[in-house]
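Q: If you want the building blocks of each chain, they are given just below.
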Amino acid sequence: EVQLVQSGAEVKKPGESLKISCKGSGYSFTNHWIAWVRQMPGKGLEWMGIIYPGDSDIKYSPSFQGQVTFSADKSISTAYLQWSSLKASDTATYYCARRLPTAKGFDYWGQGTLVTVSS
Amino acid sequence: QSALTQPASVSGSPGQSITISCTGTSSDVGGYNYVSWYQQRPGKAPKLMIYEVSNRPSGVSNRFSGSKSGNTASLTISGLQAEDEADYYCSSYTSTTTRVFGGGTKLTVL
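Just so you know, the sequences run in chain order A and B. If you read the first sequence in the working numbering, its first letter stands for residue 1, the second for the next number, and so on. If you read the second sequence in the working numbering, its first letter stands for residue 1, the second for the next number, and so on.
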């Protein structure tokens, strides 16, 4: 069974760093793009970008370029999303999602990680 | 880049059909056959309903169908059921090699 399991909710202060994770199982982790999607409270979905764990090819959405960093550890089938200095406006639920193997749609999603940034 | 344009809300009675539109530009919806539709119920992760304009993943009801004309894609749900009540988002590949979502449409089943 394909699964993407994300790390748990986080409460951070502005200026702190954070790295959240998305662990894939039940499929070949290195052969599928992984996307990161932001959903601010009560708002819609926003594409942050995608990473190919096989070679760590990364494409950031222009709105998020320079604001976050994607990475992946093939050895443990895990993708990461990290911030070096959080802002209150980073408060949101973050989802990872797997791209279909040969088509452009994202078929499996993690359960979401709620990040709360507050002083 | 700007989000794709969707109606904020649509509604229909059980058994009826509804259509949700998704309007973009020639740099996204109109330029590629890479439009997807996602269903999101409250407090849940999105679920893929349609990919590449009109393809249904296995397990998705054939009451859901997608199409595209020019810069506008559409999701049609026929035989509306109470369980279809959710938010629906379109997404398109874009010329910047990333993707963009629509603003979302809240479907109410009356």
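If you are wondering where the hints come from, they were derived from the structure by calculation, not from laboratory data. Some clues are possibly wrong.
[Claimed, not checked] FRET-style restraints, in silico, Cβ to Cβ:
| id | chain 1 | residue 1 | chain 2 | residue 2 | range |
| --- | --- | --- | --- | --- | --- |
| 1 | A | L114 | B | A82 | 34 to 42 Å |
| 2 | B | S54 | A | G66 | 45 to 53 Å |
| 3 | A | A88 | B | G79 | 25 to 33 Å |
| 4 | B | S54 | A | Y27 | 37 to 45 Å |
| 5 | B | S54 | A | S85 | 37 to 45 Å |
| 6 | A | S85 | B | T108 | 22 to 30 Å |
[Unchecked claim] Residues from chain B shown here face chain A by an in silico Cβ test under 7 Å; the list is partial:
| id | residue |
| --- | --- |
| 7 | P42 |
| 8 | P46 |
| 9 | E52 |
| 10 | P57 |
Idealized CB from N, CA, C, for every residue including glycine.
Q: Could you run down the list of hints and mark each one as holding or not?
A: Verification of the supplied hints:
1. A:L114 to B:A82: 34 to 42 Å: 28 Å, violated
2. B:S54 to A:G66: 45 to 53 Å: Given range 45 to 53 Å: violated, Cβ gap about 36 Å.
3. A:A88 to B:G79: 25 to 33 Å: Hint violated: Cβ distance 44 Å, outside 25 to 33 Å.
4. B:S54 to A:Y27: 37 to 45 Å: 25 Å, violated
5. B:S54 to A:S85: 37 to 45 Å: 43 Å, holds
6. A:S85 to B:T108: 22 to 30 Å: At 41 Å between Cβs, range violated.
7. P42: Cβ of P42 of chain B sits 11 Å from chain A, so the hint is violated.
8. P46: Interface hint status for P46 of chain B: holds (6 Å vs cutoff 7 Å).
9. E52: 6 Å, holds
10. P57: With Cβ-Cβ at 6 Å, under 7 Å, it holds.
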